[in-house]
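Protein chains: 2
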Amino acid sequence: MAKDFYGELQLGILGGGQLGRMLIQEAINYNVNVHVLDPDKNAPCRKLCNQFECGSLSDYETVYKFGKGLDMITIEIEKVNVDALEKLEEEGVLVYPQSRVIRLIQDKGMQKQFFKQNNIPTAPFQLISNKEALGNTQFQFPFIQKLRKDGYDGKGVKKILSAEDISSAFEEPSIIEEIVDFEKEIAVIVARNDRGDVSTFPMVEMEFNPQANLVEFLISPSTYSFEIQQQAENIAEKLANDLQIVGLLAVEMFLTKTGEILVNELAPRPHNSGHQTIEGNFTSQFAQHLRAIFNLPLGNTAARTNAVMINLLGEDKHDGLAVYEGVEEVLAMDGVYVHLYGKKYTKPFRKMGHVCIVNDDREMAVANARKVQEILKVIA
Amino acid sequence: MAKDFYGELQLGILGGGQLGRMLIQEAINYNVNVHVLDPDKNAPCRKLCNQFECGSLSDYETVYKFGKGLDMITIEIEKVNVDALEKLEEEGVLVYPQSRVIRLIQDKGMQKQFFKQNNIPTAPFQLISNKEALGNTQFQFPFIQKLRKDGYDGKGVKKILSAEDISSAFEEPSIIEEIVDFEKEIAVIVARNDRGDVSTFPMVEMEFNPQANLVEFLISPSTYSFEIQQQAENIAEKLANDLQIVGLLAVEMFLTKTGEILVNELAPRPHNSGHQTIEGNFTSQFAQHLRAIFNLPLGNTAARTNAVMINLLGEDKHDGLAVYEGVEEVLAMDGVYVHLYGKKYTKPFRKMGHVCIVNDDREMAVANARKVQEILKVIA
Chain A
1 MAKDFYGELQ LGILGGGQLG RMLIQEAINY NVNVHVLDPD KNAPCRKLCN QFECGSLSDY
61 ETVYKFGKGL DMITIEIEKV NVDALEKLEE EGVLVYPQSR VIRLIQDKGM QKQFFKQNNI
121 PTAPFQLISN KEALGNTQFQ FPFIQKLRKD GYDGKGVKKI LSAEDISSAF EEPSIIEEIV
181 DFEKEIAVIV ARNDRGDVST FPMVEMEFNP QANLVEFLIS PSTYSFEIQQ QAENIAEKLA
241 NDLQIVGLLA VEMFLTKTGE ILVNELAPRP HNSGHQTIEG NFTSQFAQHL RAIFNLPLGN
301 TAARTNAVMI NLLGEDKHDG LAVYEGVEEV LAMDGVYVHL YGKKYTKPFR KMGHVCIVND
361 DREMAVANAR KVQEILKVIA
Chain B
1 MAKDFYGELQ LGILGGGQLG RMLIQEAINY NVNVHVLDPD KNAPCRKLCN QFECGSLSDY
61 ETVYKFGKGL DMITIEIEKV NVDALEKLEE EGVLVYPQSR VIRLIQDKGM QKQFFKQNNI
121 PTAPFQLISN KEALGNTQFQ FPFIQKLRKD GYDGKGVKKI LSAEDISSAF EEPSIIEEIV
181 DFEKEIAVIV ARNDRGDVST FPMVEMEFNP QANLVEFLIS PSTYSFEIQQ QAENIAEKLA
241 NDLQIVGLLA VEMFLTKTGE ILVNELAPRP HNSGHQTIEG NFTSQFAQHL RAIFNLPLGN
301 TAARTNAVMI NLLGEDKHDG LAVYEGVEEV LAMDGVYVHL YGKKYTKPFR KMGHVCIVND
361 DREMAVANAR KVQEILKVIA
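Residue numbers (full-length UniProt numbering), protein chains in the order written: chain A, 1 to 380; chain B, 1 to 380.
Quick caveat, the hints were computed from the structure, so don't treat them as lab data.
No distinction is drawn between identical chains; accordingly, a pair holds when it is met within one copy or between any pair of copies.
Heads up, simulated SDA-like pairs for lysine to any residue below, C-alpha to C-alpha not over 20 Å straight-line: (1) Lys47 / Asn33; (2) Lys41 / Gln51; (3) Lys79 / Gly109; (4) Lys344 / Asn33; (5) Lys146 / Ala123; (6) Lys47 / Gly17; (7) Lys344 / Asp71; (8) Lys317 / Leu214.
Note that the structure is predicted; figures quoted are calculated from it, not measured.
Chain A on its own, in the form it takes in the complex (with noise of 0.2 Å):
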């Protein structure tokens, strides 16, 4: 710690959102100050922290300013000003994730080739420069371009099925990469502190929603071989210790229909993916994530039970002010647990909440997961 015990560290936060309100639900048993910045006046956290400031995370002077006099920094998205990081770095501020960490992850592009220099298994790759390179790469459409960076939530992939989608694909520095003919989308989350500490949670399975590109359903422990579970906390543990992170780091991958494990992407940082942990696990990923930029040991990472987190995403076709149906009906399931992300309006397959179900028989929790998915809405 930085500080003596508790009280006394100012700690700031990057982003003012979900991931930054469930991590300060846990931060109030440390007796933490925290700071958030926001360019959102609304954002989840702004009640919620010993100072909000509106602002913007991308300009310099802005995050600068913000982190100068803190003790420590940490963010919940990875889209910030990395410049004044690495400013705020040398003069004396912990910034954990550690800037080089997150100017390394902000590019897909340096991340694909981080992966191949550390022999991480990735699917095959190209960088480009523009749009024009895409109809002349060493792959065969189908398949997928991303953009290098800001890409988020879903947003900055496009399938590139044949020649005539070039003309309404991404004009900027993209990656090209190969379709993964995946049977399922798997995350590990890895946490190290700063004395070198690694720790994994188990493995979980992943569905997206195809229309939005979001997490819809997840469930954990997984209940594949411990072979597949092994081999991608591995990968979770050498991408974590490769990269000297401190923090939290969620590895997002494809389990291949031949058995490959592939790593698809990275976020430095508390992650959807790690939502259930809250009631599933013996140590939540926002309780592990302050373990370790505080470098205190690690929390027992074990699941409790059987969790399936589901998100509560705003109903197509409503934009507006947040209206909860079907919340009373939910709650009066065995073990359910609705968090509400306090964002005053909706819009269509906008992240609002999640619910986590925790049964010890795996199909219950399935089956009541699809039950609250079918009851519980976000209308406007």
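Start from chain A and add chain B according to the hints.
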């Protein structure tokens, strides 16, 4: 619910201490706008709510003005101005627990009479209006004198061992009570919502710090016989129904050496005897209190595992800026959850935090808790 679900509801909490703090940690999940009134400008809740007001909880005008315009008020301490709450109720503010319940419970004499009228087992007692009456009671020495009002956290209770103690006894209206030769102090927390659903948490066992008369050690669930647990839970349920309370009711009881259960006293709010529910039960007492006052279905109260709760009390003879010793060491142990209350200053026996220790092996949970008790200290 008073308003369309969430986001709109303005909830006031009288008291901004640790109970309010943990209630806010949970209320965040429901998008509730929380307003807090507390006389201490450094109160643990001050930075975690939409609006913090520094003011007296016992002043009519202050409480009335605080509550006016809110939708709902709850308490985290009984010592509040009930006349103001009654007025607010008349004007349409929902006050849970109801003002009449708080008024009854504020007065230990009325509490005891209520037990008697409703056939709730309790130790024999007598009401006295001043110290002089102590010389001439139906009780043999030794007995207990308890102030009817304003006793809190072990204050306002005296043992009268012989006639010599009368001169130093309380002058104010009191109850005197036989000293119960108990085997164990036990507690049951019960919740009731406005539609009349009632649900009890499993009975817990407590050990008190003899010097401070505070819960020091609590084990959940109890291993006493099913009959005893059932009886204790039935008493709590009957009390919730007799009182027609909305919200939580903590029922502290003695289990006598002859196997009898006697109710000691009540608290109409989240209570120290329920902190272990955060990690130890499917629903925490704080989540249950919110479900009850929002008139939602009550949650599953079952224990997930053995949980031991220890209070982290300020060390004797230490007074000043709080310093926490041993936090890192206890966090290295498995199943240990530290909750600090954000109090700037420590005093002898001040409640500075609590720790919950979970383990599927009950003896291991107890052994680990004893170890935590030895390691973790709050000094100045």
